[in-house]
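Q: Each chain is listed here by its residues.
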Amino acid sequence: MALNLVSLPLIDRPDFEPLLEAGRFGVWSREARALHDQGFCVLELDGSALGGLPEATLLALQPTLAPQVEAWRRGEGGTPRLQDGWQQYPEVLALACQPLILDCLRCLYGREPFPFQTLNFAVGSEQHFHSDAVHFHSYPHGFMCGVWVALEDVLPGSGPLLYYPGSHREPYQSAASLGLDPAQVAAEPHPQRFFEALWRDVVERRGYGQQQFLPRRGQALIWHANLLHGGTPVADRSLSRWSQVTHYYFADCLHTTPLLSFGHDHGGAALRNPFDLLRGGRRFSEAEWQALILT
Amino acid sequence: MGSPAWWKGLSGRQKRQQGQWAELRGGLETITPTLLSGWVHHPSIPFSEVRLVCGSHLIGQARIDGHRPDVEAHLGLPGPFGFAMEIPADLPLVEWRDPPQFLAITADGSSRVTLRKLGSTPEATSESLQLALRPEFRGLRGHFDGLAPGERAVHGWCHRADGGLASIWLHASGLEPRQLDCSDFRPGMGIQGHPDQCGFFLPLEAWPEAAGREIWASHDREGKLRLPQNESVAMPLVVSEMMPSPAREQSLRLEPELVLPTTVPDDLRHHWETLEQFRRLLDRLEAQPPSLSPAQPGPPVSSRSARFRLWR
Numbered sequence: 008m009a010l011n012l013v014s015l016p017l018i019d020r021p022d023f024e025p026l027l028e029a030g031r032f033g034v035w036s037r038e039a040r041a042l043h044d045q046g047f048c049v050l051e052l053d054g055s056a057l058g059g060l061p062e063a064t065l066l067a068l069q070p071t072l073a074p075q076v077e078a079w080r081r082g083e084g085g086t087p088r089l090q091d092g093w094q095q096y097p098e099v100l101a102l103a104c105q106p107l108i109l110d111c112l113r114c115l116y117g118r119e120p121f122p123f124q125t126l127n128f129a130v131g132s133e134q135h136f137h138s139d140a141v142h143f144h145s146y147p148h149g150f151m152c153g154v155w156v157a158l159e160d161v162l163p164g165s166g167p168l169l170y171y172p173g174s175h176r177e178p179y180q181s182a183a184s185l186g187l188d189p190a191q192v193a194a195e196p197h198p199q200r201f202f203e204a205l206w207r208d209v210v211e212r213r214g215y216g217q218q219q220f221l222p223r224r225g226q227a228l229i230w231h232a233n234l235l236h237g238g239t240p241v242a243d244r245s246l247s248r249w250s251q252v253t254h255y256y257f258a259d260c261l262h263t264t265p266l267l268s269f270g271h272d273h274g275g276a277a278l279r280n281p282f283d284l285l286r287g288g289r290r291f292s293e294a295e296w297q298a299l300i301l302t
Numbered sequence: 078m079g080s081p082a083w084w085k086g087l088s089g090r091q092k093r094q095q096g097q098w099a100e101l102r103g104g105l106e107t108i109t110p111t112l113l114s115g116w117v118h119h120p121s122i123p124f125s126e127v128r129l130v131c132g133s134h135l136i137g138q139a140r141i142d143g144h145r146p147d148v149e150a151h152l153g154l155p156g157p158f159g160f161a162m163e164i165p166a167d168l169p170l171v172e173w174r175d176p177p178q179f180l181a182i183t184a185d186g187s188s189r190v191t192l193r194k195l196g197s198t199p200e201a202t203s204e205s206l207q208l209a210l211r212p213e214f215r216g217l218r219g220h221f222d223g224l225a226p227g228e229r230a231v232h233g234w235c236h237r238a239d240g241g242l243a244s245i246w247l248h249a250s251g252l253e254p255r256q257l258d259c260s261d262f263r264p265g266m267g268i269q270g271h272p273d274q275c276g277f278f279l280p281l282e283a284w285p286e287a288a289g290r291e292i293w294a295s296h297d298r299e300g301k302l303r304l305p306q307n308e309s310v311a312m313p314l315v316v317s318e319m320m321p322s323p324a325r326e327q328s329l330r331l332e333p334e335l336v337l338p339t340t341v342p343d344d345l346r347h348h349w350e351t352l353e354q355f356r357r358l359l360d361r362l363e364a365q366p367p368s369l370s371p372a373q374p375g376p377p378v379s380s381r382s383a384r385f386r387l388w389r
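Chains as they are written, first to last, in the numbering used here: chain A, 8 to 302; chain B, 78 to 389.
Errors might be hidden in some of the hints.
As the list claims (entries may be wrong) - Which chain B residues face chain A? A few, computed with CB under 8 angstroms, are given here:
(1) S125
(2) L135
(3) G137
(4) P169
(5) R174
(6) P176
(7) Q178
(8) L208
(9) P212
(10) H220
(11) L224
Said to hold, decoys possible - Partial list, derived from the structure: chain A residues whose beta carbon lies under 10 angstroms from chain B:
(12) L10
(13) N11
(14) L12
(15) V13
(16) S14
(17) P147
(18) G186
(19) A190
(20) D259
(21) T263
(22) S268
(23) G270
(24) H271
(25) D272
(26) A298
What the hints assert, rightly or not - Across the chosen pairs, the derived CB separations fall in these ranges:
(27) E51(A) x K301(B): 40 to 48 angstroms
(28) D283(A) x S309(B): 24 to 32 angstroms
(29) W296(A) x A184(B): 30 to 38 angstroms
(30) A9(A) x E213(B): 19 to 27 angstroms
(31) L246(A) x M266(B): 54 to 62 angstroms
(32) L221(A) x G186(B): 31 to 39 angstroms
(33) M8(A) x G196(B): 35 to 43 angstroms
(34) E213(B) x C104(A): 38 to 46 angstroms
To be clear, the hints were calculated from the coordinates, so they are not data collected in a lab.
From the three backbone atoms N, C-alpha and C, an ideal C-beta is built for every residue, glycine too.
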């Protein structure tokens, strides 16, 4: 295990254009261009490429989430979702570890990717738009991304995914950049709220246009760590919107939780030792973690 | 004359390497928590980049591509021999267990050599690098300017990347160091991307026992992690009329605070406070004892700070 705290993701490097021209991204050149310019790209994965996994995943999860969905439709309870369903459902794990997705990420970022978290939604999340990079990030910056896979065709009115192309180039934010201290964050049940006014302001001030994702089953959207994205309101609660979001980190980085990363006087960046779904264990063994750093 | 014992013990390959490295010139000139810089040249090995590593971990990297006229003149050769590696202020505050090494490497990776600080040993260089990487010093940037214009004080500046207050240790050889907060107003710092309130300043009369001694500033109490300075600095000899006047120093630092009406807009308040601090800086400079040298002019008759007061 050797950390490389120097190089940036290929899609974020200042010499991205020469890399693209030189063919560095191979069959993923179109995706590289989109991720670099827009902060997202769409993978056109037909059913055979994913081996029927999206449908199998939906069928596996349906019984578990059905009671939550019914309650949500009655206006009771929150959005039906399952975090880290890979622990119970092989389909979820298989989708997170899909070789084609891993190959694409490896090529776009220039490092070995590994999934560390899954989220499955049965309906539209209606989340306020946000940058994932305040929840989990990396050092060097940018080695984190989300992959959203449609487990069924997404219809208007179901609360499609929304995003603001180009917003990934805004500065990365953290509790430190907002001048927050640990007591403030600890007192807020949903610390993401500290950032939401700033994001709304950025979108308005910079004039980012909102786009929505209405994919077919099996299509996937990769978003940059810093792309502002969320869920549109669900207009029709009879509609489902089955999806899986997998968050990926990359090798040889330090991994951080920016929401809990304060100034130097409060310990600086909050480091985390993420779970590596490919290995079935923490990214760093306890011995490696202790040998590497003493925070 | 026979070869030393250590030389006889080397293999042929090791001897060739030793001979090769004898032609290496240069090394690290500056080791600070935010910048590692220097130069390197070898007549037959085209080093292209420098790397900072701790064990197997790559912490920093920079190209050897800086033109240094002074080095070119020293070597009698043209070429880009300089390097400057920034240590990012947001590098997580980890404490590396393995000792850091600073390497020069060729483009193909076939040759690499550990650089040391100029005039220093490998062990001392490693110790300085380790200090520079310590979490408590992360993001500190500063400079020891030496004697202030008029030579009645020593001064410099230092600040943290996150805007937090920094302090430095001022050393005089053979004396206990003095800690100074870096919160004085420094005109023009903001234009260069630094905080305006990052200066430190010590009137000569406040440290008479340092007269005639070499002085320097450092981030650490032990004086190992020095602030960059352009040249060595010796405290001028102080004579009786410049002897300490703690009361005067105290009075300079305890001027009444500027009180603004609460209705003043924030931007105007900031501007106002900045000017006020500038005025106090001028006051302090003007309050220093007159120069002993006849070639140097005394303090101005009409006070500049008085004009600021009038404006205010």
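Q: Could you run down the list of hints and mark each one as holding or not?
A: Evaluation of the provided hints:
1. Interface restraint check: S125(B) against chain A, minimum CB-CB distance 15 angstroms, threshold 8 angstroms, status violated.
2. Below 8 angstroms, beta-carbon pairs count as interface contacts, and L135(B) has one with chain A at about 5 angstroms; its hint therefore holds.
3. Of the supplied interface hints, the one on G137(B) holds, with its beta-carbon coming within about 6 angstroms of a beta-carbon of chain A, less than 8 angstroms.
4. Restraint check, P169(B) versus chain A: the minimum CB separation of about 4 angstroms is within 8 angstroms; hint holds.
5. A distance limit of 8 angstroms between C-beta atoms decides the matter here; for R174(B) the minimum to chain A is near 6 angstroms, and the interface restraint holds.
6. For P176(B), the interface hint is violated, since its Cβ never comes within 8 angstroms of a Cβ in chain A; the closest pair sits about 14 angstroms apart.
7. Because the closest C-beta pair between Q178(B) and chain A is about 14 angstroms apart, greater than 8 angstroms, the hint is violated.
8. Annotation: L208(B) was flagged as interfacial toward chain A, and the flag is violated, the nearest CB pair being 16 angstroms apart, outside 8 angstroms.
9. Residue-level restraint check for P212(B) holds (minimum Cβ-Cβ distance to chain A is 7 angstroms; threshold 8 angstroms).
10. At a threshold of 8 angstroms, the smallest CB-CB gap from H220(B) to chain A is about 20 angstroms, leaving the interface hint violated.
11. For L224(B), the interface hint is violated, since its Cβ never comes within 8 angstroms of a Cβ in chain A; the closest pair sits about 31 angstroms apart.
12. Contact between L10(A) and chain B, as hinted, is supported at the beta carbon level, the nearest pair being about 4 angstroms apart and thus within 10 angstroms.
13. Evaluation of the N11(A) hint against chain B yields a held restraint, the C-beta minimum of about 5 angstroms falling below 10 angstroms.
14. For L12(A), the interface hint holds, the least distance from its beta-carbon to any beta-carbon of chain B being 5 angstroms, beneath 10 angstroms.
15. With a cut of 10 angstroms, the hint placing V13(A) at the interface with chain B holds, because the nearest CB-to-CB distance is about 4 angstroms.
16. This hint holds: S14(A) has a C-beta 8 angstroms from the nearest C-beta of chain B, less than the 10 angstroms allowed.
17. For P147(A), the interface hint holds, since its Cβ comes within 10 angstroms of a Cβ in chain B; the closest pair sits about 9 angstroms apart.
18. Interface hint at G186(A): satisfied, since its Cβ lies 9 angstroms from the closest Cβ of chain B, which is below the 10 angstroms cut-off.
19. The beta carbon of A190(A) comes no nearer than 17 angstroms to any beta carbon in chain B, farther than 10 angstroms, and the hint placing it at the interface is violated.
20. At about 8 angstroms, the closest approach between the beta carbon of D259(A) and any beta carbon in chain B falls short of 10 angstroms, and the interface hint on this residue holds.
21. For T263(A), the shortest C-beta to C-beta distance to chain B is roughly 7 angstroms, which falls under 10 angstroms, so the interface hint holds.
22. Using the Cβ-Cβ criterion of 10 angstroms, the hint placing S268(A) at the interface with chain B is satisfied: the shortest such distance is roughly 8 angstroms.
23. The beta carbon of G270(A) comes within 5 angstroms of a beta carbon in chain B, closer than 10 angstroms, and the hint placing it at the interface holds.
24. Among the interface hints, the one on H271(A) holds; its C-beta lies about 6 angstroms from the nearest C-beta in chain B, closer than the 10 angstroms criterion.
25. Checking D272(A) against chain B by beta carbon gives a least distance of about 6 angstroms; that is within 10 angstroms, so the hint holds.
26. At about 6 angstroms, the closest approach between the beta carbon of A298(A) and any beta carbon in chain B falls short of 10 angstroms, and the interface hint on this residue holds.
27. In this structure the hint that E51(A) and K301(B) lie 40 to 48 angstroms apart at CB is violated, the actual value being about 59 angstroms.
28. Checked against the hint of 24 to 32 angstroms, the pair D283(A) and S309(B) fails, with Cβ atoms roughly 53 angstroms apart.
29. Between W296(A) and A184(B) the Cβ separation comes to about 34 angstroms, which falls inside the hinted range of 30 to 38 angstroms.
30. For the hinted restraint 19 to 27 angstroms between A9(A) and E213(B), the CB-CB distance of approximately 26 angstroms keeps it satisfied.
31. A beta carbon spacing of about 58 angstroms between L246(A) and M266(B) agrees with the range 54 to 62 angstroms that was offered as a hint.
32. One distance hint, 31 to 39 angstroms for the beta-carbon pair L221(A) and G186(B), is violated here, with the actual separation near 49 angstroms.
33. Between M8(A) and G196(B) the C-beta distance comes to about 36 angstroms, which sits within the given range of 35 to 43 angstroms.
34. Judged by the Cβ atoms, the range 38 to 46 angstroms given for E213(B) and C104(A) holds: they are separated by roughly 41 angstroms.
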